[in-house]
Each structure stands twice: as C-alpha cells, then as structure tokens.
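S.K.: Here is how the chains run, residue by residue.
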Amino acid sequence: MSSENNDQSIVVTPSSTTSQQRTILVADDESHILNVVSLKLRNAGFNVICAHDGNEALEMALTSKPDLLITDYHMPGLNGLEVASRLKQSETCKNLPAILLSARGYNLNEADVRESGISSQLSKPFSPRNLLSLVNQTLGIVA
Amino acid sequence: MKFKRWFEWLAPICVTGGLACLVADGDPALSFSQPTSVAGVALLIGGCCSGLIHYVSLRRSVRTLMHKAGELASGRSIGIQQLTPTEDVLGELVRTFNDMLGSTERNASDAVAAMKELRVQLKVATSQRRQAEAIIHSIDDAVLVTDRYDEVILANESASRALGFESSDALRRPVDRVVNDAALVGMIRDVRQGKGTNERRVFEHRVRRNGQDSIYKVTLSNIRDSSGESGGVVGVLHDSTREIEIARMKNDFVSSVSHELRTPLASVRAYVEMLIDGEANDDKTRREFYDIIMAEAVRLGRLIDNILNISRIESGLVEIKRVPVSLTVICKEALDVMTPQAKFKDIRIEEQLEPAFYQTMADKDMLYQAVLNLMSNAVKYTPAGGTVTLRTAVDEAAKKVVVRIIDSGVGIPSKDLPFVFDKFFRVEANKNVAKGTGLGLSLVKNIIETVHKGKMMVSSEQGKGSSFGFELDLC
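Here the protein sequences come in this chain order: A and B. Each residue of the first sequence is one higher than the last, beginning at 0 in numbering that gives the first Met the number 0. Each residue of the second sequence is one higher than the last, beginning at 0 in numbering that gives the first Met the number 0.
Just so you know, these hints were derived from the structure itself, not from any lab. There could be a bad hint or two in this list.
[Stated by the list, open to error] Distance condition first, Cα-Cα at most 30 Å in a straight line; then the derived BS3-like pairs of lysine-lysine: (1) Lys123/A with Lys249/B; (2) Lys452/B with Lys320/B; (3) Lys123/A with Lys283/B; (4) Lys434/B with Lys123/A; (5) Lys454/B with Lys434/B; (6) Lys123/A with Lys414/B; (7) Lys379/B with Lys123/A; (8) Lys454/B with Lys379/B; (9) Lys363/B with Lys414/B; (10) Lys452/B with Lys249/B; (11) Lys430/B with Lys123/A.
[What the hints assert, rightly or not] FRET-style restraints, in silico, Cβ to Cβ: (12) Ser310/B with Asn54/A: 36 to 46 Å; (13) Leu416/B with Asn54/A: 22 to 32 Å; (14) His51/A with Ile243/B: 20 to 30 Å; (15) Lys93/A with Arg285/B: 35 to 45 Å; (16) Arg160/B with Asn54/A: 51 to 61 Å; (17) Val432/B with Gly139/A: 39 to 49 Å; (18) Asn54/A with Arg241/B: 43 to 53 Å; (19) Glu203/B with Gly139/A: 46 to 56 Å; (20) Gly139/A with Ile275/B: 18 to 28 Å.
[Claimed, not checked] Some but not every residue of chain B turned toward chain A, in silico, with C-beta under 8 Å: (21) Glu272; (22) Asp276; (23) Glu278; (24) Leu302.
For each residue, glycine too, the CB sits at the ideal point set by N, CA and C.
Based on the provided sequences and hints, a complete structural model is requested.
M.R.: This is the structure in structure tokens:
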C-alpha cells in the first residue's frame, strides 16, 4: 500500500499470519460492486481476484485456489449457489469458505444455501464495512 | 191509517157480539123474528167479513215482506226499497224490517268501500314489489334470497350468472339443487339456523366458472320474522376480483417503488462510507467516487420525479389542458432538444413529418413529454453510427394521426415485448446499454392511452432495432 495511505482499516500484527497472504475471489456481474469490494479488501491487505460470471468464477477458483469466495447469487451462466456447490464437490476447493451476496427478491431456501457450502450471507445493498468484518470473521482474523 | 188499527179488533168484537146476541136470546132455535137474533147474525156475518178482509190485507203485507226478505236472502243488499209500514200488527215488524234493511245496506256499502280501498292498496303494493324486484334484478351484485325451508324465493340476473344457473329454473326450488356450491349452500344453512352469534356473516368466497376463478365478498343476513323465527336468508355476492387485483397491484407498486428508490440510495451510502473510511487512496479514485455519488443522487431525483408524475396523472390530479395541437410541431421541438445528444453519439436523425396543419386535441406538455421520452430511448439504445427516424402520418379517412420513432438500435427480445410498458420494467438484455428508471415508457403509455384515449404500438427485433409509435384522433 502506498505511503500516502491514511487508511486506518489495516491492523498489522507483527507475529500473526497477515491478511496480506490471503486471496479472495469475488464474483459479481455488476462491475461497480466488483470495484467497491475489491478496493475495500485490497486496502485491508487481501489479494483480490475478480470474476464477472459464474463460469469464470468456477474456473478461477479451481485454478487459483483462493482462501475465500465472495459471490453474488444472480449471475449469467452458473448462479452463486451452483458455483459454491460444484466447488464443494471438487477435490481442490471442497473446504473453500463462501459468502453469498443475496439480492432482495430472491427467496432462497435456507437448506439449499447450507447444502451448497455457503457459510454466511450478506444481503444487498450491503455496507463495505460489514463485508470486511464478515470476511475477517470467516477467515478467523482479528482485525 | 188509523182505520186499519180498529179493523184488527172489529172482527173478534163482531163475532163475540153476534154470538152474545144469539145466546142472550135464550132460544136455541134460530128464528129471524127476534131482533137480537137478527142483530146477532148480522154481527156474526159482519165480523166474519171484516176478519176475512183483515186476513187478506195481512197476507198481502206478509207476502211483500217475504218478497223483500227473499231479495235480501238472494244476496242483494243495496238498493232494496224500504216498505211502507202498515197500520196493523205487522207495522212494527215492517218498521223493524226496514231498520234491518237500512243497517244491512250501510254495512254492505262499508264493505264495498273497504274492498275498493284494499284493491287499490294491493295494486300499489304489487307495483312497489315489482319495482323493488326490478331494482334488485338490475343491480350488479348477485342477490339470492332463500326462505326458511332453504328454497330460493328470489335470484337476480347477476346471481344466475355468477353461480351458474337459470333464473327461470330457480324459483321455489331447494337452494342445494339450484346452486352447485356445497360450501356456499352450507353457509346459507348455517346462517338460517342461527349458528354462531352473528345474524350476519361476511366472508370471501372463491367461485370457479368457465375455468376462471372469481373472488366474491359474500354477505349473508338472517331475516327474522315478528315471532323471532328465521324467515330466510338474504345473500349478496359482490365480485371483488378486480378490486383485489388492484389492491395487489398497488401493493406491488409500493414495494417496487421502495426498492427502486433504495437502490441508488444504497450506492450513495456505500461510496460515502468508503470515503469516510479512507478507502479512496488517491484523487483519481476520490473523483470517481464523487461522480458516482452525484450521478446516483441525480438518478434518484429523476426517479422520484417520474414516480410522482405517473402517480399524479394516474390519480387524475394533473389538470389536463386540451387544445388543438400539431404533432409535427411537437416532434420538431423534441428533435431540437435531442439533436445535440444524437450528434454526440454520431447518430443520424431522419425527419418524415406531415404538414403542420393536421391537429389533435391534446395537452401540449404531456404530448411533448411522450415524444421526448420515445426519442430519448431511441437515441439511448442505438449505438454510435446508427439512425433514428421520426415519422408522422395522417389517415384522413379514419381521422387518425400516427407518430413513429424508429431506431436501428439494440432491439428488444420478443419475450420482453409484452412487458415494456410496465412500471419499472427494464429489458434484462439491455440493462448495460443505458441507464433507465423503467418508468419512461409507462408514462408514455399513460399519457397516450389513458389521458388521450389513443393507442400505443411497438415492434422490435433484437439486434436490428425497434419501432415505437402511437395513434391519436385528428381534430
């Protein structure tokens, strides 16, 4: 991060495994969401990779093996639940934690959500602060 | 005649006198030499004659009386002439008979008068009942009246249509044979039997006819007679299908509006939050964020304006000023406004306008808004280098004027075409081509169809372009 950065959201503890090393895959068809989320997470020290649809997300996850998946539900191609399900069934990504960004108006069956390996949901519109704290919580990082 | 009174006594007196004379004689042999014998015989004869005369006269009186009585007995009671009372023993009887005649005649007249009045009242009551029935038969709501034996005593046209029976078949038949709806019939029975504390029950009831469901608001009232017994049930069924649909649409509209308004607001919040948390690391990013926040705020404002506009027009709050308006003039004005934008996108605009003297009675501002919206859409959804054509055409025979805006833009998928005029509807495929509130076309449709009684037209081919138009009556 550049030195002009007066960002106060990064707390780097000397001895812990810093968030610098974690990679987060963000999947959403709306580019402004991708922009906001990646900026927030990068500023927090994460490495962020972006996918614009379900198929791209699946491919990137299997190739890059991120530490966390943040995915939208409604996307062209595979939807967020389908992506998470397939990753859960894969060898490489079966333990990948996943956060679902759910839009209002899609009544998703709770059981289906759990089945696909989604560990938590955040409904849109969400606050970037809340997303960061959920990310930290999921990855067991004390921020 | 007082004379007649003594006549009564004359006969017995003479006879008695005669007999007395004959007896006073002392001589059993009747001889006409003695004066008393002669007197006696004369008296006897006189007495018998007067008795006979008296008898005849009495008989005549009796006969007349009998005759009159006979008339009375045969049923005549008015106009029987009274008898003149004789001065004999029957006189009293005759007088009494006359009195009786008099009072009988009075009673009969009273009875006739009373009957006439009752007939008139019956006519009035019948006509009032017919009028009430006519009223009941003409009302829109279904009316079904059953008696204490659950037989139909009245069913109007709407009831036979709603519940599917012939009204001519229904009268005096058991309601469960007439109405093929066990639930409804059951409710009628329950209300009549006074089950539950309510004498009136109101509930929603679904009726299926010809494969379509209608929802009725049913009111069943138990009618009690003077002795407190149930006299039957009056049922009124009000078709509230449309009302319920409208209420649902209003609900949906409110939900949609809330959602649509929250979306730009949520964007503003997210970006402001990012700025507060210092996530915008450099000027470029900050500038980007400010622009986005501004654009979203502007969008929110426009959205609110559009929603208010539509609501006001739809609820009739907007004053419509109808004047003769030339569509050609309006199109030219809209063109002037759109030309810079079109030029910026390198879009060619073609004008094919009829002469300005063809006019329609319309609200100038509203029509201008409609044309502008359509033109704005055409330019928004046409990529650089495309064409937008603005055409007016007049059909003098049909007295119609048609406006068409044709673009060579992205087009609309056929599955979305039926919905383009719906509020907040945005074509999924084109969401990334241009921003929109989803209200522009809804407003146009409202202006053209609801306010001006015109007709909207649209045709489109995805990837090739769209043609939006409307038709209005000429002045």
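S.K.: Run every hint past the structure and note whether it holds.
M.R.: A quick look at each hint next to the structure:
1. Lys123/A with Lys249/B: Status holds; Cα separation ~24 Å.
2. Lys452/B with Lys320/B: The given pair, whose Cα atoms are some 15 Å apart, holds under the 30 Å limit.
3. Lys123/A with Lys283/B: Holds - the C-alpha atoms of Lys283/B and Lys123/A are around 26 Å apart, at most 30 Å.
4. Lys434/B with Lys123/A: holds (20 Å)
5. Lys454/B with Lys434/B: Given that 30 Å is the threshold and the Cα spacing comes to 26 Å, the pair holds.
6. Lys123/A with Lys414/B: Holds - the C-alpha atoms of Lys414/B and Lys123/A are around 28 Å apart, at most 30 Å.
7. Lys379/B with Lys123/A: holds (28 Å)
8. Lys454/B with Lys379/B: Judged against 30 Å, a Cα distance of about 23 Å means the pair holds.
9. Lys363/B with Lys414/B: Answer violated: Lys363/B to Lys414/B is near 34 Å, above 30 Å.
10. Lys452/B with Lys249/B: Holds - the C-alpha atoms of Lys249/B and Lys452/B are around 23 Å apart, at most 30 Å.
11. Lys430/B with Lys123/A: The hint holds at about 18 Å.
12. Ser310/B with Asn54/A: 36 to 46 Å: Holds, since Ser310/B and Asn54/A (Cβ atoms, about 42 Å apart) stay within the stated range.
13. Leu416/B with Asn54/A: 22 to 32 Å: Distance hint for Leu416/B, Asn54/A holds at roughly 29 Å.
14. His51/A with Ile243/B: 20 to 30 Å: violated (42 Å)
15. Lys93/A with Arg285/B: 35 to 45 Å: holds (42 Å)
16. Arg160/B with Asn54/A: 51 to 61 Å: holds (56 Å)
17. Val432/B with Gly139/A: 39 to 49 Å: holds (43 Å)
18. Asn54/A with Arg241/B: 43 to 53 Å: At 46 Å between Cβs, range holds.
19. Glu203/B with Gly139/A: 46 to 56 Å: Holds, at about 54 Å.
20. Gly139/A with Ile275/B: 18 to 28 Å: holds (27 Å)
21. Glu272: At about 6 Å, which falls below the 8 Å cut-off, the nearest Cβ of chain A leaves the hint on Glu272/B intact, so it holds.
22. Asp276: Holds: closest Cβ of chain A sits about 6 Å from Asp276/B, inside 8 Å.
23. Glu278: Given a least distance of 5 Å, the restraint on Glu278/B holds.
24. Leu302: violated (15 Å)
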